[in-house]
Amino acid sequence: MSETKKLSLICFSGDFDKAIATFTLASGAAAVGYGVNIFFTFWGYNIVKKAKGRGFQGTGFLAKLFNFLMGGFNNLPLSRLNFLGLSPLLMTYMMKKQNVATLTELIDASVALGVNFYGCEMSMVILGTDLADYIQLKEQLGVTKFLQIAQGGQVLFI
Amino acid sequence: MKHELDITKEHCPMTFVKTRLKLDSLQSGDILTVRLNEGEPLENVPRTVEELGHKVLNISNIEGSVFAIEIQKA
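Respectively, the protein sequence lines represent chains A and B.
Under our numbering, the first residue of the first sequence is numbered 1, with each subsequent residue one higher.
Under our numbering, the first residue of the second sequence is numbered 1, with each subsequent residue one higher.
Note that these hints are calculated values from the structure, not bench results.
No experiment lies behind these values; they were computed from the predicted model shown.
Any given hint could turn out to be false.
No farther apart than 27 Å at their CA atoms in a straight line, the calculated lysine-lysine pairs in the DSSO-like style are these [stated by the list, open to error]:
id, chain 1, residue 1, chain 2, residue 2
1, B, 9, A, 50
2, B, 22, A, 138
3, A, 5, A, 18
4, A, 138, A, 52
5, A, 64, A, 6
6, B, 18, A, 18
7, A, 6, A, 97
8, A, 5, A, 145
9, A, 6, A, 18
10, B, 2, A, 5
11, B, 55, A, 52
12, A, 64, A, 52
13, A, 18, B, 9
14, B, 22, A, 96
15, A, 97, A, 5
16, A, 97, B, 9
17, B, 55, A, 138
18, B, 2, A, 6
19, A, 97, B, 55
20, A, 50, A, 18
21, B, 2, B, 18
22, A, 5, A, 52
23, B, 22, B, 2
24, A, 6, A, 138
25, B, 22, A, 97
26, A, 5, B, 22
27, A, 50, A, 5
28, B, 18, A, 96
29, A, 50, A, 64
30, B, 2, A, 138
So the derived list for chain A, only partly shown, Cβ under 10 Å to chain B, looks like this [claimed, not checked]:
id, residue
31, 28
32, 32
33, 33
34, 35
35, 94
36, 104
37, 116
Even for Gly, the Cβ is constructed at its ideal location relative to N, Cα and C.
Make a model of the complete structure from these sequences and hints.
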C-alpha cells in the first residue's frame with residue numbers, strides 16, 4: 001500500500017448507539033488498512049471507563065459525584081427511546097440474535113486491530129480522572145496535538 | 001499451510017475484521033480460503049485484501065449465494 005490512509009474519530013457522545021457507530025467505523029477502517037485514532041472527550045469517556053458501573057472516580061467531591069452521575073459502560077443510554085436504560089439491553093439482545101457484532105465485540109476488535117485510543121486532557125482535568133481510570137488510553141492530548149495526529153486523514157465528530 | 005475461515009454468518013464490519021485478524025495470524029505465503037456471501041462481502045473483501053498487499057488467487061461459487069476466495073498472505 002503506497003498511500004497511508006487515516007481516520008480520526010472524536011468520540012464526544014456517550015450514547016450507546018453513537019458508541020456503536022464509533023467502534024463500527026473504527027474496527028472496519030482498521031481492518032481494511034486505515035490507521036485509526038479515537039479521541040475520547042467528555043461523555044465519550046463513559047464508554048472506556050474501567051469501572052463499568054456507577055462509581056466515585058476522580059479527585060474531589062464534585063468530580064466523584066459527577067462521575068457517579070455519568071455512569072460507565074453499563075449505563076450508556078440510547079440517544080432516543082432509552083426507556084430508563086432498557087433499550088440498550090434490548091438492542092444488544094437483538095444484535096446477538098441477528099449475529100451482528102455487539103458494542104463489546106466492536107471495542108475488542110478495535111483493540112485487537114491496533115486502534116489508538118487518546119483522551120482529552122481538559123475533560124480529564126474537569127472529571128478529576130487520569131489514564132489509569134480508562135481502558136487502552138495511551139495518552140492525554142490537547143487540541144493541537146490531536147490536530148497534529150489527525151493531519152492528512154479524515155476526521156469525524158461523533 | 002492452508003487455513004479456512006467462514007464468514008457467511010458475519011455482517012459488516014466483522015466480515016473484514018475476522019478476515020484481517022485471521023490473515024494477521026498466518027505466516028507469509030500461507031493460503032487462506034474464506035467462505036463468504038455474495039453482495040457486500042464478495043464485492044469488498046477481495047478488494048480490501050488486495051489493497052492490504054495480499055494476493056487473491058481464486059474466487060469460486062460453492063453453492064447458491066456462497067462463494068470461496070483463496071488468498072495468499074503477502
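Hints, verified against the model:
Between residue 9(B) and residue 50(A) the CA atoms are separated by roughly 31 Å; this puts the pair beyond 27 Å, and the hint is violated. Simply put, residue 22(B) and residue 138(A) have alpha-carbon atoms about 25 Å apart, close enough for the 27 Å limit, and the pair holds. As the CA atoms of residue 5(A) and residue 18(A) are separated by approximately 23 Å, the hinted pair is consistent with the 27 Å bound. Straight-line distance between C-alpha atoms of residue 138(A) and residue 52(A) comes to about 19 Å, which keeps the hinted pair within the 27 Å bound.
A C-alpha spacing of about 36 Å is found between residue 64(A) and residue 6(A), which places the hinted pair above 27 Å, so the restraint is violated. At roughly 22 Å between alpha-carbon atoms, residue 18(B) and residue 18(A) fall within 27 Å of each other, so this suggested pair holds. With a C-alpha separation of about 33 Å, the suggested pairing of residue 6(A) with residue 97(A) is violated against the 27 Å cut-off. Annotation: proposed proximity of residue 5(A) to residue 145(A) holds, straight-line Cα distance about 19 Å (limit 27 Å).
Restraint check: the Cα-Cα separation between residue 6(A) and residue 18(A) comes to about 20 Å, which is no more than 27 Å; the hinted pair holds. Of the pairs offered as hints, the one joining residue 2(B) and residue 5(A) is violated, with about 30 Å between alpha carbons and a cut-off of 27 Å exceeded. At most 27 Å may separate the alpha-carbon atoms for a hinted pair to count; residue 55(B) and residue 52(A) exceed this at roughly 42 Å. Taken as a hint, the residue 64(A) and residue 52(A) pair is honoured in the structure, with Cα atoms around 15 Å apart against an allowance of 27 Å.
In summary, the hint linking residue 18(A) to residue 9(B) is supported, as the alpha carbons are separated by about 24 Å, within the 27 Å threshold. The hinted pair formed by residue 22(B) and residue 96(A) meets the criterion: a straight-line CA distance of about 22 Å does not exceed 27 Å. Pair hint residue 97(A) plus residue 5(A) does not hold up; C-alpha atoms about 34 Å apart against a cutoff of 27 Å. Annotation: proposed proximity of residue 97(A) to residue 9(B) holds, straight-line Cα distance about 11 Å (limit 27 Å).
Restraint check for residue 55(B) and residue 138(A): the C-alpha separation of about 34 Å exceeds 27 Å, so the hint is violated. Note on residue 2(B) and residue 6(A): the hinted pairing is violated, with a Cα-Cα distance of about 32 Å set against a maximum of 27 Å. For the given pair, residue 97(A) sits about 34 Å from residue 55(B) by alpha-carbon distance, which is inconsistent with the 27 Å threshold. Between residue 50(A) and residue 18(A) the alpha-carbon distance is near 19 Å, which keeps this suggested pair within the 27 Å criterion.
Proposed proximity of residue 2(B) and residue 18(B) is supported: the alpha carbons are some 17 Å apart, at most 27 Å. For the given pair, residue 5(A) sits about 33 Å from residue 52(A) by alpha-carbon distance, which is inconsistent with the 27 Å threshold. Distance restraint check for residue 22(B) and residue 2(B): the Cα-Cα separation of roughly 12 Å lies within the 27 Å cut-off, and the hinted pair is therefore satisfied. Restraint check for residue 6(A) and residue 138(A): the C-alpha separation of about 18 Å stays at or below 27 Å, so the hint holds.
A hinted pair counts as satisfied when its Cα atoms are at most 27 Å apart, and residue 22(B) with residue 97(A) qualifies at roughly 24 Å. Of the pairs offered as hints, the one joining residue 5(A) and residue 22(B) holds, with about 21 Å between alpha carbons and a cut-off of 27 Å not exceeded. Annotation: proposed proximity of residue 50(A) to residue 5(A) is violated, straight-line Cα distance about 30 Å (limit 27 Å). A threshold of 27 Å between alpha carbons decides the hint, and for residue 18(B) with residue 96(A) the separation of about 17 Å falls inside it, so the pair holds.
Restraint check: the Cα-Cα separation between residue 50(A) and residue 64(A) comes to about 15 Å, which is no more than 27 Å; the hinted pair holds. Pair hint residue 2(B) plus residue 138(A) does not hold up; C-alpha atoms about 36 Å apart against a cutoff of 27 Å. Interface hint status for residue 28(A): upheld, as the beta-carbon distance to the closest one in chain B is roughly 3 Å, under 10 Å. Using the Cβ-Cβ criterion of 10 Å, the hint placing residue 32(A) at the interface with chain B is satisfied: the shortest such distance is roughly 4 Å.
Among the interface hints, the one on residue 33(A) holds; its C-beta lies about 5 Å from the nearest C-beta in chain B, closer than the 10 Å criterion. This hint is violated: residue 35(A) has a C-beta 13 Å from the nearest C-beta of chain B, more than the 10 Å allowed. With 10 Å as the threshold, the beta carbon of residue 94(A) stays out of range of chain B, its nearest partner Cβ sitting at about 13 Å, so the hint is violated. For residue 104(A), the shortest C-beta to C-beta distance to chain B is roughly 13 Å, which exceeds 10 Å, and the interface hint is violated.
With 10 Å as the threshold, the beta carbon of residue 116(A) stays out of range of chain B, its nearest partner Cβ sitting at about 17 Å, so the hint is violated.
Violated hints for the displayed structure, listed by number in ascending order: 1, 5, 7, 10, 11, 15, 17, 18, 19, 22, 27, 30, 34, 35, 36 and 37.
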